[in-house]
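Based on these hints, arrange chains U and V with the ligands on the given structure of chain S.
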Amino acid sequence: MATFDPQFIWFGLVSGSLIALGALGLTLIFGILDFINIAYGEYMAFGAFVAFGLNTQANMPMVVAGIGGVLGAGVLAIALDKVVFEKFRNRSAIVLLVVSIGLSFILRNSIRIIWGSGTKRFDIPIEQAPTYFGISILPDQVAIIILSFGVLALTFVLLRKTDIGIAMRAASDDTDLAQIRGVNTERLVLYVWLVGGLIAGIAGVMLGIDSVLRPTMGFLTLIPIFAAVILGGIGDPVGAVVGGYAIGLLQELSVVVIPSEYKPLIGLLVLVVGLLTRPDGLFGEATR
Amino acid sequence: MMAYSQLLVTVLIIAIIYSLLAIGMNMHWGDTGLLNFAHAGFFAVGAYTSTVLTTPAATGLLGDRIVGLELPIVIGLVAATIVAALFGILIALPSLRLEGDYLAMVTLSAAEMIRLIITNEAWLTAGTQGIKDIPRPLAGAFPLSLGGFQMGYNLFYLGLTIAILIASYALFKRLSESPFGRVLHAIREDEDVPRALGKRTPVFKLKSFGLGAGIAGLAGALWAHFFFAINPTMFLPSLTFSVWAAVIIGGAGSYVGAIVGTSFIVGIRQLTRFLPNDIPLGSELPFLRLILIGAALIVVLYYRPQGLLGDKERIQAGQAMEGE
Amino acid sequence: MSTDPILAVENLRKSFGGLTAVDGASFDVEKGTIVGLIGPNGAGKSTTFNLITGFYEADEGSVRFRGEEIIDLSPEERSKEGMVRTFQITRELTGMKVSQNMRLGGQDHDGEKVIHAVAGTAKDREAEIGERAEELLRELELWDLRDEYAGNLSGGQRKLLELGRALMAEPDILLLDEPMAGVNPSLTDDIIEMIHELSAQGITFLIVEHDVDMIMNISDKVIGMHQGQVLTSGPPAVVQNDDELLEAYFGGEV
Ligand SMILES: Nc1ncnc2c1ncn2[C@@H]1O[C@H](COP(=O)(O)OP(=O)(O)OP(=O)(O)O)[C@@H](O)[C@H]1O
Ligand SMILES: [Mg+2]
Chain S
0 MATFDPQFIW FGLVSGSLIA LGALGLTLIF GILDFINIAY GEYMAFGAFV
50 AFGLNTQANM PMVVAGIGGV LGAGVLAIAL DKVVFEKFRN RSAIVLLVVS
100 IGLSFILRNS IRIIWGSGTK RFDIPIEQAP TYFGISILPD QVAIIILSFG
150 VLALTFVLLR KTDIGIAMRA ASDDTDLAQI RGVNTERLVL YVWLVGGLIA
200 GIAGVMLGID SVLRPTMGFL TLIPIFAAVI LGGIGDPVGA VVGGYAIGLL
250 QELSVVVIPS EYKPLIGLLV LVVGLLTRPD GLFGEATR
Chain U
0 MMAYSQLLVT VLIIAIIYSL LAIGMNMHWG DTGLLNFAHA GFFAVGAYTS
50 TVLTTPAATG LLGDRIVGLE LPIVIGLVAA TIVAALFGIL IALPSLRLEG
100 DYLAMVTLSA AEMIRLIITN EAWLTAGTQG IKDIPRPLAG AFPLSLGGFQ
150 MGYNLFYLGL TIAILIASYA LFKRLSESPF GRVLHAIRED EDVPRALGKR
200 TPVFKLKSFG LGAGIAGLAG ALWAHFFFAI NPTMFLPSLT FSVWAAVIIG
250 GAGSYVGAIV GTSFIVGIRQ LTRFLPNDIP LGSELPFLRL ILIGAALIVV
300 LYYRPQGLLG DKERIQAGQA MEGE
Chain V
0 MSTDPILAVE NLRKSFGGLT AVDGASFDVE KGTIVGLIGP NGAGKSTTFN
50 LITGFYEADE GSVRFRGEEI IDLSPEERSK EGMVRTFQIT RELTGMKVSQ
100 NMRLGGQDHD GEKVIHAVAG TAKDREAEIG ERAEELLREL ELWDLRDEYA
150 GNLSGGQRKL LELGRALMAE PDILLLDEPM AGVNPSLTDD IIEMIHELSA
200 QGITFLIVEH DVDMIMNISD KVIGMHQGQV LTSGPPAVVQ NDDELLEAYF
250 GGEV
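Chains as they are written, first to last, in numbering that gives the first Met the number 0: chain S, 0 to 287; chain U, 0 to 323; chain V, 0 to 253.
Worth flagging that the hints you see were computed from the coordinates, not collected in a lab.
Don't take each hint at face value.
What the hints assert, rightly or not - Pairs of lysine to any residue residues, derived as SDA-like cross-links and limited to a Cα-Cα distance of at most 20 Å, are as follows: (1) U:Lys172 - U:Thr127; (2) V:Lys122 - U:Glu176; (3) U:Lys172 - V:Ile114; (4) U:Lys311 - V:Asp146; (5) V:Lys79 - V:Asp58; (6) S:Lys86 - S:Phe10; (7) V:Lys79 - V:Gly31; (8) S:Lys86 - U:Glu176.
Please read all numbers here as calculations on a predicted model, not as lab measurements.
This is chain S alone, in the form it adopts within the complex:
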């Protein structure tokens, strides 16, 4: 246990940004396809490892490698839809969920075979953290927060202002309805995988920058991501983002009251309390 330190709030914002991104991607996919993609954590890890390969093995600068990783995750998401999920389109949500478990097995262990099971780091300079107002702030962390704000803003512009985004939201409310209105659902599905995959890639690369890379890195962040998705109301993008920051902050601040090893417990706690009190999510009227 620790005494309160404003530093925790900063840490909370950083991890909140990462969780919010992951939760946004997962909830978007759920909105259209109606199932929980357990392999989503692996999409994140895959993006990070592709960036790692480009960064340390092909010696590209981090920015380029990062973009490569993000694109890699987007391509992966679409490819897996074409090769696997598309074949299960009219099966139940539960079957799809179990299929995604199989995929997560395959992906995680492929990452282990390609890049090894050990802990990896991006080849980026370790910088001194300047201190403002008693909070030490790493440039990487500033980049993470700004980037995630940018991505979140961009996604919401996409959802509200573009035709495809508006169709996505309509389909998220009712897949059949969108079909009646002449929206091509299959194309919509493709877009949502692309957007969801790119977001996973961004979250994964940033997670790797923030700490280290491990084949299990994505899988292990699934718990706070689940918590954020449920807290925000499953399928609700705004809720997921708010939920993500809430979980991030709560996790980091929790060390004031519980030992820091139990930080991940907060996710479960919020999950349970959230389910008991607000099964429809933060903002009431849920999509289900």
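Okay, now just chains U and V with the ligands, sitting in the frame of chain S:
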């Protein structure tokens, strides 16, 4: 030759213990339609409960374990079953009224929390150091000479686990075919219907969860008492997923299927151990195995949704509806 | 007609987002009577059923069953009290055999407890339930299909199975949501006869049905709903001539 038969006995014991896990999972998923992703957690709770109850406290390099009761192993096995069942009920409680996806997320998280607690509470579990020298039941009596035939300990333990498997199979099959099981099946098909007919479905779901988690706990205890030592890394989510794969490949709803599916999975995992390490990718075999299990799961779901031994007609009757 | 309402619905209200599906509906169902609930598509009939039986949570209003408020009870508790329903879109358990669907309706069955299931006790009750199921299945002409999966039945057969399953629960009041939809016409007369018989035995009925002639025929009282409100209520002869309801049914669209 001797070594191979020894190994075979060990592999069989592993398959039987995993079959117990699959039987519990089949009650959850096959009978009741509940998405339980906490099975590795129940397995761990059983293993640690029995271990802590039957071993002495011990000092360790990283910390001392101050709890250890040295009780008889029988008590450990019974307690493991009960404590795991209670954990199952506790975990299911918050999400009973909600749809399946929620249960999946809560249980998956809960299993990781169980592992986190086992890793961190060294005073109780020895943490990452693991616990060693776990006693084996009746170990002193072996090897036993039976008129010229030497019966080794592993063979005895194989007999013991077979007996437990048969008893468990009989028990769960009986439950599944009883009026109790009928309500579980109704919950699996459409929970509103039994509710409209006055069945307290949350209570039935809790019972299902408790029973399946209990047998997973028993399996955990049997594991610990055979392999002498346990540590937190034995209870990863991939274990849960392997059990899922076993149930689905075997055919959800069929208890024989659960055992057959488990044999298939354990077969893949254990038999590939005999491949020499110098073949291409030889050192990556553990990962290839898991990839193979993941792929088998998807292929079965696509080509044979009812699994190897599941009821095809039942699945089709269900799909006839979905199409409307 | 007695004036002892077994079911009293008062000022029920339920909205979905901006749409008010049930808008202050009030009516009584007298004990032992057959009451018809009619109204055009989307009038709020099924939603009213869901509110009475507890499958939807009411925004407002009260439901009294035998004089007691039940609005806070769960669907299973209401069912245990003797209020059993069928669903408009049949909810037969597709992956269970017809006979198992029926037996599920049996009440006070100790065999549904784990202890009895393991010990194999409570066999007598199971046998009783089985006999009753056979009786009903024969009456509904489903006996030959007893070992078929319910998912393989035709639409009409599903309706009958659902009716039979509800009867297995020995209800005091039975809420039927379009029980005749899709049922073979040769069987509808038998069902009507069955309803009369059961009614004579004291079971109360609340029936939603689109076949207005049929409803007028069998009901002691008819309630007409439109846009979530009760427009009219009274003996069939009176309701039959209610202009407002006729307007709601046939006005505008035709
Ligand atoms: N779960 C729900 N969510 C949203 N809207 C609903 C829901 N259930 C019913 N409605 C709406 O409430 C209104 C009343 O529906 P309801 O099913 O009660 O009508 P009904 O009288 O039974 O019609 P029908 O004769 O077609 O069965 C309709 O506009 C319907 O679309
Ligand atoms: Mg209706």
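Do the hints match the structure? See the list:
1. U:Lys172 - U:Thr127: violated, 38 Å
2. V:Lys122 - U:Glu176: holds, 13 Å
3. U:Lys172 - V:Ile114: holds, 14 Å
4. U:Lys311 - V:Asp146: holds, 15 Å
5. V:Lys79 - V:Asp58: violated, 23 Å
6. S:Lys86 - S:Phe10: violated, 42 Å
7. V:Lys79 - V:Gly31: holds, 19 Å
8. S:Lys86 - U:Glu176: violated, 34 Å
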